[in-house]
Each structure stands twice: as structure tokens, then as C-alpha cells.
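Protein chains in written order, with my numbering: chain A, 1 to 372; chain B, 1 to 372; chain C, 1 to 372; chain D, 1 to 372.
Everything labelled a hint here was simulated from the structure, so no lab data went into it. One or more of the hints may lead you astray.
As the list claims (entries may be wrong) - Listed next, the in silico SDA-like pairs over lysine to any residue satisfying Cα-Cα at most 20 angstroms (straight line):
{"#": "1", "chain 1": "D", "residue 1": "202", "chain 2": "D", "residue 2": "330"}
{"#": "2", "chain 1": "D", "residue 1": "202", "chain 2": "D", "residue 2": "328"}
{"#": "3", "chain 1": "D", "residue 1": "202", "chain 2": "C", "residue 2": "260"}
{"#": "4", "chain 1": "D", "residue 1": "202", "chain 2": "C", "residue 2": "183"}
{"#": "5", "chain 1": "D", "residue 1": "202", "chain 2": "D", "residue 2": "313"}
What the hints assert, rightly or not - Taking CB as the label site, the calculated pair distances span:
{"#": "6", "chain 1": "D", "residue 1": "277", "chain 2": "C", "residue 2": "205", "range": "23 to 31 angstroms"}
{"#": "7", "chain 1": "C", "residue 1": "282", "chain 2": "D", "residue 2": "158", "range": "41 to 49 angstroms"}
{"#": "8", "chain 1": "C", "residue 1": "204", "chain 2": "D", "residue 2": "312", "range": "28 to 36 angstroms"}
{"#": "9", "chain 1": "C", "residue 1": "218", "chain 2": "D", "residue 2": "255", "range": "27 to 35 angstroms"}
{"#": "10", "chain 1": "B", "residue 1": "205", "chain 2": "A", "residue 2": "166", "range": "26 to 34 angstroms"}
{"#": "11", "chain 1": "B", "residue 1": "143", "chain 2": "D", "residue 2": "255", "range": "32 to 40 angstroms"}
{"#": "12", "chain 1": "C", "residue 1": "180", "chain 2": "A", "residue 2": "84", "range": "33 to 41 angstroms"}
{"#": "13", "chain 1": "D", "residue 1": "196", "chain 2": "C", "residue 2": "179", "range": "20 to 28 angstroms"}
{"#": "14", "chain 1": "D", "residue 1": "176", "chain 2": "A", "residue 2": "36", "range": "52 to 60 angstroms"}
Said to hold, decoys possible - Partial list, computed: chain C residues near chain A (C-beta under 10 angstroms):
{"#": "15", "residue": "2"}
{"#": "16", "residue": "84"}
{"#": "17", "residue": "191"}
Quick reminder that beta carbons are idealized off the backbone N, C-alpha and C, glycines included.
4 protein chains.
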Amino acid sequence: MKNTFGNVLTLTLFGESHGPAVGAVLDGLPPGLPVSADSIARRLARRRPYGPDATARREPDPFQILSGVYRDRTTGAPLAISIPNTDVRSQDYPYGPARPSHADYPAAIRYDGFQDPRGGGHFSGRLTAPIVAVTAILLDALAARGIRIATHILRCADVSDRPFAPSPADLAADFDLLESAPFPALSPSAADAMTSAILAAKADHDSVGGITQTAILGLPVGLGEPWFDSLESLLAHALFSLGGVKGIEFGDGFALAAMRGSQANDPLRADPSATPPVRALSNHAGGINGGLSNGMPILFQCAVKPTATIAISQPTIDLRTFQDTTIEAAGRHDPAIVRRIPPCIDALAALVLSDLLLLRSPSALFLDASRS
Amino acid sequence: MKNTFGNVLTLTLFGESHGPAVGAVLDGLPPGLPVSADSIARRLARRRPYGPDATARREPDPFQILSGVYRDRTTGAPLAISIPNTDVRSQDYPYGPARPSHADYPAAIRYDGFQDPRGGGHFSGRLTAPIVAVTAILLDALAARGIRIATHILRCADVSDRPFAPSPADLAADFDLLESAPFPALSPSAADAMTSAILAAKADHDSVGGITQTAILGLPVGLGEPWFDSLESLLAHALFSLGGVKGIEFGDGFALAAMRGSQANDPLRADPSATPPVRALSNHAGGINGGLSNGMPILFQCAVKPTATIAISQPTIDLRTFQDTTIEAAGRHDPAIVRRIPPCIDALAALVLSDLLLLRSPSALFLDASRS
Amino acid sequence: MKNTFGNVLTLTLFGESHGPAVGAVLDGLPPGLPVSADSIARRLARRRPYGPDATARREPDPFQILSGVYRDRTTGAPLAISIPNTDVRSQDYPYGPARPSHADYPAAIRYDGFQDPRGGGHFSGRLTAPIVAVTAILLDALAARGIRIATHILRCADVSDRPFAPSPADLAADFDLLESAPFPALSPSAADAMTSAILAAKADHDSVGGITQTAILGLPVGLGEPWFDSLESLLAHALFSLGGVKGIEFGDGFALAAMRGSQANDPLRADPSATPPVRALSNHAGGINGGLSNGMPILFQCAVKPTATIAISQPTIDLRTFQDTTIEAAGRHDPAIVRRIPPCIDALAALVLSDLLLLRSPSALFLDASRS
Amino acid sequence: MKNTFGNVLTLTLFGESHGPAVGAVLDGLPPGLPVSADSIARRLARRRPYGPDATARREPDPFQILSGVYRDRTTGAPLAISIPNTDVRSQDYPYGPARPSHADYPAAIRYDGFQDPRGGGHFSGRLTAPIVAVTAILLDALAARGIRIATHILRCADVSDRPFAPSPADLAADFDLLESAPFPALSPSAADAMTSAILAAKADHDSVGGITQTAILGLPVGLGEPWFDSLESLLAHALFSLGGVKGIEFGDGFALAAMRGSQANDPLRADPSATPPVRALSNHAGGINGGLSNGMPILFQCAVKPTATIAISQPTIDLRTFQDTTIEAAGRHDPAIVRRIPPCIDALAALVLSDLLLLRSPSALFLDASRS
């Protein structure tokens with residue numbers, strides 16, 4: 001397994017769904033960054049299931065900061081956060097039938113039957129909680145220097161939200177809107193229709209998928225480490241760690257395939273109001289050329305598959321005998337991963353950007369850290 | 001910059017388009033793997049531009065093996081291959097106007113004007129030649145143990161090829177077909193129509209994009225290192241290093257977003273003819289669950305943007321002054337990156353798979369290496 | 001900071017001396033390794049101060065396994081162990097005077113005053129506890145396949161122990177002897193004299209240094225990854241992480257400098273009883289040639305400086321003002337780091353060896369892991 | 001094998017003694033650093049054997065810069081340097097008898113007989129040439145910002161040189177002295193006596209060992225990344241890659257073992273002339289506390305074993321049969337590795353320091369890089 005990610009800022013993940021705790025260690029942080037327990041709690045709350053459309057599993061997420069913080073500032077030593085698992089009901093996960101399209105079957109082969117099968121073990125979506133917790137200070141630090149990240153659900157089942165506004169000014173308004181929105185959609189009517197679609201799937205014991213759209217504003221020009229740590233490479237690497245993500249496209253992505261170069265190119269113009277004094281007239285590339293940020297907003301979409309665990313009977317095999325059987329999942333599951341994934345995407349994007357910024361300049365994350 | 005990729009099998013890339021040479025070092029190879037100069041030359045030939053649809057730049061690619069081979073076998077020491085740059089015409093690349101949607105502008109900011117601007121410098125597609133050369137022995141080694149990789153152009157401009165056959169047996173026939181096909185398409189008529197579309201764009205001084213589809217056959221179950229080195233993460237990381245790739249989806253990818261779980265899941269059945277004795281009844285997931293290979297063929301699609309460098313006049317800025325100007329590219333360029341990218345995708349996929357196989361078992365690549 | 005070490009088996013360290021907990025995450029473990037809480041407790045007990053020669057700080061080390069274990073076996077997911085800090089007396093560590101020859105001063109500059117100053121913070125020797133805890137299963141796994149590691153104190157103050165026996169058979173007897181010895185010395189009289197020397201220094205409010213000798217038995221031939229991950233490189237890298245280690249030599253080490261090649265070389269002979277059937281007639285090289293193990297016992301010595309924190313008044317500067325002052329340390333400290341370092345050396349050596357073995361063959365650590 | 005070293009500045013090594021070329025790729029360089037072919041040639045000349053005490057192999061070292069340089073400045077892309085092997089006489093190295101205390105035997109086991117046996121193959125000291133070549137620009141860049149590195153032979157056979165002067169001012173004079181000295185010793189009479197001792201060993205068909213001492217001046221306070229990338233850890237890791245190095249000690253090293261804390265500690269004093277305004281009154285620690293540089297000169301010693309390859313008959317085994325035989329080496333070899341190792345130590349130290357400086361601040365190596 002490989003549970004450490006990052007070049008100079010590294011996140012190490014541990015835990016299983018029904019073990020004593022899940023947690024993460026973030027190493028390589030500059031000293032002096034403010035650490036706000038409120039901010040961590042708020043990020044965790046955005047990830048937490050709630051409302052009639054989500055899993056019934058209650059996750060109060062009472063996180064513990066184990067190290068790396070002194071007098072509400074980072075010390076420069078590793079920040080470790082642990083989240084105990086409290087509300088676990090292992091009897092819902094008898095070892096035997098593999099859930100189709102879940103890690104159950106390949107993990108049983110790979111780990112030779114020794115994997116923790118309860119609730120998906122280390123493959124559980126529960127592991128995203130420490131990712132969200134430990135990166136909250138990165139999102140705060142990025143915001144303090146004008147770099148904002150936000151994700152909304154562009155499509156859920158057959159319902160579409162409007163895409164992010166193209167201009168930086170309107171995009172900032174969209175960010176403000178999302179921060180106070182109870183559902184991660186730009187249009188309130190889309191939010192309502194998506195909620196209805198999720199509830200309809202749930203009523204059918206089924207699940208739905210979706211597409212997220214993420215925007216990043218305020219990034220300096222030239223971020224990325226080509227060839228192999230291009231900005232697209234690192235973002236995709238991090239985001240494909242999330243179990244439900246099955247596709248990523250930057251800017252116009254797959255639609256670029258049908259364009260000619262004269263349509264797809266983003267012409268450049270002098271713009272004295274920008275730093276450096278240049279802007280593009282369009283943003284088909286999603287803010288990235290040659291693996292480097294180009295000063296335009298970063299834009300990307302993720303395809304999120306429907307939750308694999310559903311309460312409808314499906315043909316499968318028994319992991320103990322490899323004989324045919326059926327499964328009708330009994331555990332508590334979200335009918336829509338896409339509903340809870342936006343804060344996880346923001347968290348991993350913050351990790352990638354912070355790592356790249358620190359690689360360029362260790363003071364990049366460090367705006368106002370005078371001891372108070 | 002970050003020009004080394006891989007965990008235990010690492011590829012290190014060097015070179016610029018118009019410098020003395022481009023090259024790569026592949027370290028971590030097991031000793032005793034056969035090294036065939038013919039195989040390297042054949043892989044390079046598939047990447048080389050030819051025909052009326054490609055760049056007029058002649059690249060004979062006279063590669064030199066600098067180290068790592070003794071008596072036609074790998075020694076276990078790093079394999080280094082250098083390809084001298086011979087046919088360079090730097091006067092085609094006056095430093096000044098930035099090519100829109102190319103690395104020119106962000107690289108000039110990032111490298112503070114010190115980057116080699118000739119032919120895109122280190123950002124040139126020419127750098128894919130050593131990637132293809134140095135991974136040829138990996139493709140041979142994988143094939144020797146029954147793991148095959150192939151990529152065709154699923155779409156180019158407005159022309160579509162048929163997708164890979166779903167069954168492993170038919171897929172093997174598709175692989176054979178592609179190996180002898182002069183154009184990387186499964187359907188000869190699609191190949192002709194795509195060639196026409198590329199020539200039409202060229203006649204208009206423009207370029208076209210496309211979508212590739214890649215299949216991998218014969219992979220053992222359980223390959224991947226979740227969370228952060230999931231099979232999807234590593235493949236996406238490697239492939240987004242290629243300048244023209246703007247999107248990747250696995251299996252049904254973005255189409256999964258519109259499905260319900262009951263449609264998207266791949267049910268499992270006992271199958272005594274398989275090892276382990278299990279197969280899935282469908283392959284919406286593209287052969288990957290929870291970041292691990294599941295025994296079905298791996299399937300993914302890449303969105304390739306149209307070549308950014310076109311001979312049509314475009315608004316841009318001058319890199320020396322940041323003032324408005326126009327550019328009408330004079331160099332020799334492919335009107336379709338997608339036409340030459342398949343062997344590059346195969347090369348990087350071979351690197352990722354070999355690295356993961358070696359991580360699980362150093363003898364994984366080593367089928368029959370007795371000294372002859 | 002860089003708190004992750006290892007290639008495919010990685011240890012990530014976190015915690016501060018007086019924070020909530022210290023801990024470690026060990027990732028890349030094969031599934032199915034036995035995990036014995038008794039073994040972990042026994043290793044921790046060997047590291048724990050006791051007797052009149054040690055610090056008065058009571059460290060009951062009630063470790064918690066947070067993840068990676070299911071039914072007393074490793075799952076293949078990260079093994080995380082946390083050890084809460086209970087007996088902390090921060091008033092002993094007023095921020096101000098820097099302890100000479102301690103990390104206090106350079107850390108204050110490096111971390112800009114944000115480091116946790118209590119008890120040395122992240123630089124405390126307390127951080128070795130989780131290293132010892134998390135690697136206990138590695139020492140068990142290595143022992144199960146015949147690889148044993150042991151360290152004794154070769155010299156403490158002006159007292160010398162006898163060196164390890166040169167022959168593998170006698171060396172095995174030395175290992176047995178050390179396992180049951182209350183003090184890590186081969187000669188009981190040396191143990192007594194060393195204890196007396198430590199107590200004498202303590203009575204003088206001073207501290208003593210020493211030299212450890214480590215032997216490794218049963219290693220296969222050819223372990224190491226030259227050039228840059230030679231066996232000596234990796235062991236030295238790991239061991240110089242321990243604050244008190246100021247020198248390392250392999251085999252005859254510094255004494256080799258005065259020899260001629262004809263004296264220093266270890267001639268080889270056929271030996272049908274060995275695997276492979278070769279042995280060396282001497283072991284000046286400490287079992288390593290060209291960075292690779294050669295089948296002879298690995299032997300190395302570490303120079304351990306006297307504990308920097310002493311209760312004698314010393315000139316120093318105040319970290320808040322950079323003005324002259326004096327310090328007479330009041331905290332509880334070991335008068336001899338060398339007394340407690342042997343289990344830490346064994347722990348880090350086990351990490352290095354396990355990593356290299358897994359790199360060569362993931363089944364290398366896996367002797368008998370059938371589910372029971 | 002692992003032939004890449006470094007965190008953000010990575011050196012990748014390739015080549016064999018009798019293959020087409022040896023070379024290195026240095027990646028992660030800031031753009032704009034001056035590249036002087038003269039400086040590279042001068043560094044290579046210091047490593048080259050000459051005089052009656054060295055190997056008769058002529059190594060003109062006609063290096064080629066393959067990439068990474070444009071208009072005599074680094075571009076930010078990888079710097080690749082290749083040095084063709086010209087004067088090779090492979091008949092001197094018949095495959096068969098293993099040279100005692102050389103990599104021959106463990107490499108034959110490890111690489112299963114596929115290693116290149118000619119001249120030691122990838123294990124040859126010849127591989128240090130590209131290390132010296134590619135790091136020359138780092139030594140220049142460090143010197144430009146006041147950081148100097150120098151190594152002399154403190155002991156060779158039974159002859160001792162005086163140690164480096166303790167005060168920074170006198171140490172700078174020692175550096176100047178070494179730069180123009182034909183033999184790397186501070187005392188001319190020691191240089192003469194060492195030369196005589198080397199020649200005497202050569203006349204006896206034997207070899208001699210020695211001890212080097214290295215000093216680093218001008219390093220900022222706080223360099224190092226504890227725990228696992230302490231300054232001592234990284235230097236030791238790099239230096240133990242050199243085949244002949246069998247021991248490393250920092251400051252008083254092994255002598256510290258016999259001291260009490262009150263003797264070994266380096267008291268601190270306010271010093272307005274320093275930056276920060278602090279200095280230590282002694283330097284037993286060799287300029288490193290807790291893994292971090294403390295502002296005093298860095299001092300370390302390396303034990304270098306006598307050359308293993310000697311022309312005296314020695315018992316050994318045949319690598320093809322594992323039967324007893326003898327060897328009387330016929331190739332051309334240095335009778336003293338220690339004579340040629342100082343520029344290699346300086347090269348690797350420059351790599352470690354540059355990597356750590358870049359990790360703290362990418363502009364750290366970048367003093368005056370305005371385009372001229």
C-alpha cells in the first residue's frame with residue numbers, strides 16, 4: 001500500500017472503517033500557520049452526511065490533534081489528527097459475499113484474506129474524514145493569500161447545475177454563494193432537484209452518480225513541475241485516490257477532441273491590471289498549459305460513479321468459497337457519493353497546491369504569522 | 001522540475017528539442033531482461049511522423065544505448081538511452097511571440113526567461129521519443145508474460161472508430177490487428193476518414209484533436225497501491241505528463257455519472273477457467289475497483305486537444321515586452337498530436353504496470369532470462 | 001521537516017515530548033504478519049529508563065494500535081501506533097536559555113520561534129518510543145526467517161565490553177546472552193562497571209558517552225541498492241536520525257585506514273555448508289562489499305555522545321533575547337543516552353533491512369502467515 | 001538498484017566502467033545559474049589520476065553537456081552530462097575469480113550473473129566522474145553565496161596531516177591553500193610523506209587506506225530536516241555511496257564517547273558580529289546539533305579503506321564455479337582510493353547542501369543570475 005502523498009508537504013493516511021480510529025499526518029508544514037479547531041470542524045461538517053438523502057450512520061467526528069500545534073500555530077513538526085471510530089455496527093458486514101464494483105474482491109485476492117473486511121476496512125470512504133481534517137489549515141492558509149478552491153455538483157443523476165461563471169469576478173461571487181449553500185450547487189433549483197433525485201434512488205434501494213466541477217482562483221502563473229509533476233498530473237493523481245472518481249478533465253476536456261486548434265486555443269492579450277500583465281481571452285485549457293498554471297482560473301470536472309453498495313439483490317461470489325451467491329447490502333450507505341465528495345476534492349486540491357507552492361517558495365503559505 | 005517518475009522502477013527524462021540530445025534513464029530494472037534494438041527501433045518508428053498528414057521534420061531517431069546492457073540483456077544497472085538531435089532548424093522559433101495554449105508563456109514566467117525557447121525546449125513533444133525508446137523492453141517483458149497494451153484512436157476530428165471488443169478473446173484479435181495496422185485505428189475506413197480529416201485541417205493551416213482508447217489485457221488481480229497509488233492515480237499521473245492530454249476516464253467514465261448503481265455495477269460470477277476463478281459479467285469500471293485491478297481488461301480513454309501550434313494568425317503577446325502582437329507559426333508541426341500519441345500512452349502505461357508488478361514481486365517481469 | 005523514511009516500507013513519525021501523544025505509522029507491510037502486543041511491550045520495556053542510572057521520568061508507554069491489525073495479523077493497511085504522553089512536567093522547561101549542544105538554538109532559528117519548546121518538543125528522545133513500538137513486528141518477522149539483530153554497549157565512559165564473537169555460531173550465543181541480560185553488555189563485569197560509571201557521572205550532575213556495536217546475522221547475500229541506497233548508506237541514514245549518534249563505522253571502520261589492502265581484504269573460500277557455497281576467511285569489511293551484504297555477519301559501531309542536558313551550570317544564550325546567560329538543567333534526564341539507545345538502533349536497522357528485503361521480494365518477510 | 005538521490009534536487013547516475021559512457025542527470029536546478037565548462041573540467045582534473053602514485057589508466061574525461069544549458073546558464077530543465085569511455089582494456093578483467101573485498105561476489109549473486117563484469121561494471125569508481133562533473137555548478141553556486149566546501153587527507157597509511165584550523169578565519173586560509181595545492185593535504189611535508197607511502201605500497205603491489213577531513217564554511221543556521229533527513233543523515237547517506245568509505249564521524253565523533261557532557265558540550269555566547277548574533281565557544285559537535293546546522297563550521301571525517309584490488313596473489317573463488325582459486329589483479333588501479341576521493345566528497349556534500357537549501361528556499365542558490 002502507498003498511503004503517503006506529496007513531495008515536500010506529505011500527507012500520510014491510516015485507519016479502517018471499523019478500527020479504533022482513522023487519521024492522517026501532515027508533514028513539511030511551515031511553522032507559524034494558524035490552526036483553527038473551528039475551521040477543521042466546519043470542513044468536517046461539510047463532508048458529514050446529513051439530511052434525508054444521506055447515510056444514517058452518525059459521524060460526530062470528534063477529532064483529536066495529536067501533535068504539531070503549539071499555542072494555536074503550527075510548530076513545523078508533523079501535524080497528526082486522529083478521529084476515533086465510535087458508531088460502528090460490524091454485524092452489517094458479514095465476510096462472505098463481495099459487493100460488486102467495490103474493492104472487496106480485488107482486495108481479498110491482493111491481501112490474501114488478511115484485509116479487515118468490516119465496512120470496507122481501509123478502503124472505506126470514512127478515510128476521507130482525516131484528509132478533510134488535516135488539510136483544513138491549508139485551505140485557510142491558501143485563502144489568506146488569495147487562493148480559493150471550491151467544488152459544486154455540476155450534474156447529479158439527470159439534473160444539471162449551471163457551470164462556474166467564466167470571469168474571475170463572477171467566479172468569486174460563485175465561491176461566496178457556495179460557502180453558505182446548504183447543498184453544493186450554484187442554482188437553488190438544481191439543488192432541490194438533485195436532492196429529489198437522490199431520494200428517489202434511495203427509495204428504490206439504488207444509487208446515483210454525478211459530475212463535480214472545481215475552480216481555483218488566485219494561483220500564481222507557472223505552478224507545476226513538468227514533465228512528471230505537471231499540475232494536471234498531480235491533481236489527477238490525488239483525485240483518483242478517491243474511490244468513486246472514474247474520470248477527470250481539465251477545461252473543456254473531452255470536448256476539446258472535437259475542436260480545431262483555432263477554436264481550442266486561448267489567445268493572449270496584454271492586461272496592465274494583471275500580474276504579470278497578461279490574460280487569456282478564453283479558458284478552454286482550464287488554466288493550464290504545458291502542465292503549468294497560466295494565470296486563468298483552474299477548472300476541472302470529475303466523473304463520480306454511483307455508490308457501488310446498494311440494497312438491491314445482485315449476483316456475486318462468496319469471498320470464502322469463490323462460489324456464486326447474491327448480495328443485498330444491509331449497511332448504511334450514501335445513495336450518492338457525489339453529494340459528499342466536494343469537500344474531499346477541495347482538500348486534496350489544497351494539498352497539491354500547497355505542496356507545489358512550498359516547493360517553489362517555503363514562505364509561499366506564510367502570510368502573516370507573527371507571534372501574537 | 002520533476003523529471004523522474006516511478007516507485008521502484010524510475011524513468012528520468014532529459015533533453016530539449018534543439019539541444020544536443022534527448023534521452024532517458026530507466027533504473028530499477030531486474031537483471032537478465034532481453035534488450036532488442038529492433039524492438040526499440042520499431043517502437044520509435046510507430047511514434048515517428050510520416051505520411052502527408054505529419055510534420056515534415058525528419059526524425060531518424062538513431063538512438064544510442066549508453067549503459068545498462070551487456071550481451072543483449074539488462075544488467076540490473078540503469079538503462080540509459082540518448083537520441084541526438086540532428087535535424088534542427090532553430091530559425092523557425094524566434095523568441096518573442098508566445099504560441100497561445102502552449103507552455104511558452106507560463107514557462108517564460110516560471111523560468112524567468114532562462115528557459116531554452118527553441119522548439120519548445122524541454123516542453124517539446126520530441127521528449128516523448130526517449131520515453132518510447134527506453135520502455136520498449138518493458139512492453140516486450142510484459143508481453144512475454146501475457147500482458148498486452150494497445151491504444152487506438154477512438155475519435156479524431158468528427159470521425160469515430162469502433163471501440164475495443166468487450167470480450168478478452170476478441171480484444172486479443174483487436175491487438176493483433178493494431179500491431180500490423182499502418183494507422184492506429186481498428187476500422188480501416190475510420191483510418192482513411194481520420195487521415196482525410198487531418199489533411200483537411202492541415203490544408204486550412206489548422207489542427208484537430210481526438211480521443212484515444214487504451215486496453216490492457218492479462219493483468220493479475222489486485223494490482224495498485226491504494227490509497228495514493230491506486231492504479232487509476234498512477235496511470236493518470238503518467239499520462240497527464242503528455243502535453244496534449246486534457247482528460248482521462250476509466251471504463252464508462254463520464255457516462256457513469258448518469259447511471260444508477262444497479263446499472264453501473266459489474267456483477268461477479270464464478271468462472272473455473274479464470275485465475276482466480278472469478279469474472280465480472282460486465283466491465284463498466286474499466287477493470288479497476290477501489291484502485292485495484294479486478295481481472296477484467298483495463299480500459300481507459302484520453303482526451304487529446306488539437307495541436308496548439310497552428311499556421312493561422314492568432315492574437316498573442318510578445319514574451320520580451322508583454323505587449324500585444326500576433327503569431328502565425330512557421331515551424332513544422334503535426335496537425336494532430338492524437339495521431340502520434342498512441343505509442344507514448346503505451347510506453348507510459350508499460351512503465352506504470354512494470355513498476356507496480358516489480359513492487360509486488362521483483363520476479364514479475366522475469367519470465368525466461370536464462371543466459372543463452 | 002522530513003518524518004517519513006523508507007522506500008517501499010515507510011515509517012512516518014509524529015509527536016512532541018509534552019504534547020498529547022507520540023506515534024508512528026508503518027506503511028507497506030505485507031498482510032498476514034503476526035502482531036504481538038507482548039512483543040511490542042517487551043521492546044518498549046528495553047528502551048524504558050529504569051534503575052538508579054536512568055531518568056526519573058516514569059514512562060509506562062501504554063501504546064494504542066490505531067489501525068492496520070485485524071485478528072492479530074497485519075492487514076496490509078498502515079499500522080499506526082500512538083503512545084499518549086502522561087507524565088509531563090512542563091515547568092521544568094522554561095523557554096529561554098538554550099541547552100548547549102542541543103537542538104534548542106538551531107531549532108529556534110529554523111522554526112522562527114514557533115517550535116514547541118517543552119522538553120525538546122519534536123526533538124525529544126521520547127520520539128524513539130513509537131519507532132521501537134512500530135518496528136517490533138519487523139524484528140519478529142526477521143527473526144522468524146532467521147535474521148537476528150542485536151546491539152550491545154562496546155564502551156561506556158572508560159569501560160569496555162568485549163566485542164561480538166567473530167564466528168556466526170558464537171555470535172548466535174552472544175545474541176541469546178543479550179536477550180536475557182538486564183544491561184546491554186556481553187560481559188557481566190563490564191555491565192557492572194558501566195553502571196558504576198554512569199552513576200558516578202550522575203552524582204557529579206554530569207553525563208557520559210559511549211560506543212555501541214551492532215551485529216546482524218542471517219542476511220541473504222546481495223542486499224542493498226547501490227549506488228545511492230547501499231546497505232551502509234541506508235543504515236547510516238537511519239541511525240544518524242538518532243540525536244546522540246555522531247559517528248558510524250562498518251567492520252574495522254576507522255582502523256582500516258591504517259591497514260594495507262593485503263591486510264584489510266577478506267579472502268573468499270568455497271564452503272559447501274553455506275548458501276551460496278562461499279564464505280570469507282575474515283570480516284574486516286563488516287559483511288558489506290560495494291554496498292551489498294556478502295553473507296558474513298553485518299557489524300557496525302556507533303559513537304554516542306554524552307547526554308547534552310546536564311545539571312552543571314553552563315554559559316549559553318537566552319533564546320528570547322540572544323543575550324548571554326547560564327543554564328543548569330532542571331529536568332529529569334538520562335546521564336547516558338548510550339544506555340537506552342540499543343533497542344532504538346535495532347529498531348531502525350530492522351526497518352532498513354525489512355525495506356530492502358521487501359524491495360527484493362514482497363514475500364521475504366512472510367514465512368508462515370496461514371490464517372489460523 | 002537505486003541511482004537517484006535527493007529530495008528536490010536529484011542526481012541520477014548511469015554507466016559502466018567499460019560501457020559506451022558514464023553520466024549523470026541533475027534535476028530540480030533553478031534557472032539562471034552560470035554553467036562554466038572550465039569549472040567542470042577543473043573539478044574533473046582534481047579527481048583524475050596523475051603522477052606516479054596513480055593508476056596508469058588515462059582518463060581525459062571529454063564530457064558532453066547533453067541538456068539543461070542555454071547561453072551558459074541553467075534553463076531549469078535537467079542538466080545531463082555524459083562522459084564517453086575511451087581508454088578501456090577489457091581483457092584485464094576476465095570473468096572468473098572474484099576480487100576479495102570488492103563488489104564482484106555479492107553482485108554476481110544479486111544480479112544472477114547478468115551484471116557487466118568488465119572493470120567492476122556499474123560498481124566502478126569511474127562512476128564518480130559524472131558525479132563530480134554535474135555538481136561543479138553547485139560548488140560554484142554555493143561559493144558565490146559564501147558557502148565553501150573542502151576536503152583534505154588527514155591521514156594516509158601512517159602519515160598524518162594537521163587538522164583544519166578551528167577558527168573560521170584560519171579555516172578560510174586553509175581552503176585557499178587547498179585550492180592551489182597539488183596534493184590534497186594542508187602540510188607540504190605530509191603531502192610528500194603520503195606520496196612516498198603510496199609509492200611504497202605500489203612497489204609492494206599493495207595498497208593503502210586513509211582518513212579524510214571535510215569542512216564546510218558559511219552554512220546558514222538551521223539546515224537539515226529532522227528526524228529522518230538530519231544533516232548528518234543526508235551527508236552520511238550520500239558519502240557511504242562511495243565504495244571505499246567505511247566510516248563517518250562528525251566533529252569529535254568517536255572521541256566524544258570518552259568525554260563527559262561537561263567536556264563535550266559547546267557553550268553558546270552572544271556575538272553581535274555573527275548572523276544570528278550567536279556563536280559557540282567550541283565545536284566538538286562539528287557544527288550540527290539535533291540534526292541541524294548551528295552556525296559553526298561543519299566538520300566530518302571519513303574512513304577510506306585501502307584499495308581492494310591489489311596485484312598480490314590472494315585466495316578467492318571463481319564466480320562461474322564457486323570453487324577455490326587465487327587472484328593476482330592485473331588491471332590498472334590506484335594504490336590509494338583516498339588520494340582521489342576528496343573531490344568526490346566535496347561533490348556529494350555540495351549536492352546535499354544544495355538540496356537542503358533549495359528545500360528551504362528555491363532562491364537560496366540564486367545570487368546574481370541576471371541575463372548578461
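Status of the hints after comparison with the structure:
Restraint check for residue 202 of chain D and residue 330 of chain D: the C-alpha separation of about 13 angstroms stays at or below 20 angstroms, so the hint holds. A C-alpha spacing of about 14 angstroms is found between residue 202 of chain D and residue 328 of chain D, which places the hinted pair at or below 20 angstroms, so the restraint holds. With a C-alpha separation of about 11 angstroms, the suggested pairing of residue 202 of chain D with residue 260 of chain C holds against the 20 angstroms cut-off. Between residue 202 of chain D and residue 183 of chain C, the direct Cα distance comes to roughly 47 angstroms. Violation of the 20 angstroms bound is thereby established for this hinted pair.
With a C-alpha separation of about 14 angstroms, the suggested pair residue 202 of chain D and residue 313 of chain D falls inside the 20 angstroms cut-off, and the hint holds. Separated by about 29 angstroms at the C-beta atoms, residue 277 of chain D and residue 205 of chain C satisfy the suggested range of 23 to 31 angstroms. A beta carbon spacing of about 21 angstroms between residue 282 of chain C and residue 158 of chain D contradicts the range 41 to 49 angstroms that was offered as a hint. A hinted range of 28 to 36 angstroms is violated for the C-beta pair residue 204 of chain C and residue 312 of chain D, which are about 52 angstroms apart.
Separated by about 33 angstroms at the C-beta atoms, residue 218 of chain C and residue 255 of chain D satisfy the suggested range of 27 to 35 angstroms. At about 28 angstroms, the CB distance of residue 205 of chain B to residue 166 of chain A agrees with the hint of 26 to 34 angstroms. Distance hint check for residue 143 of chain B and residue 255 of chain D: the Cβ-Cβ separation is about 60 angstroms, which falls outside the suggested range of 32 to 40 angstroms. Against the hinted window of 33 to 41 angstroms, the Cβ-Cβ separation of residue 180 of chain C and residue 84 of chain A comes to about 39 angstroms, which satisfies the hint.
Distance hint check: the CB atoms of residue 196 of chain D and residue 179 of chain C are about 51 angstroms apart, inconsistent with the given range 20 to 28 angstroms. A hinted range of 52 to 60 angstroms for the beta carbons of residue 176 of chain D and residue 36 of chain A is consistent with their spacing of about 54 angstroms. The interface hint given for residue 2 of chain C holds, since its Cβ lies 7 angstroms from the closest Cβ of chain A, which is under the 10 angstroms cut-off. Interface hint at residue 84 of chain C: satisfied, since its Cβ lies 9 angstroms from the closest Cβ of chain A, which is below the 10 angstroms cut-off.
Taking 10 angstroms as the C-beta cut-off, the interface hint given for residue 191 of chain C is violated, the closest approach to chain A being about 36 angstroms.
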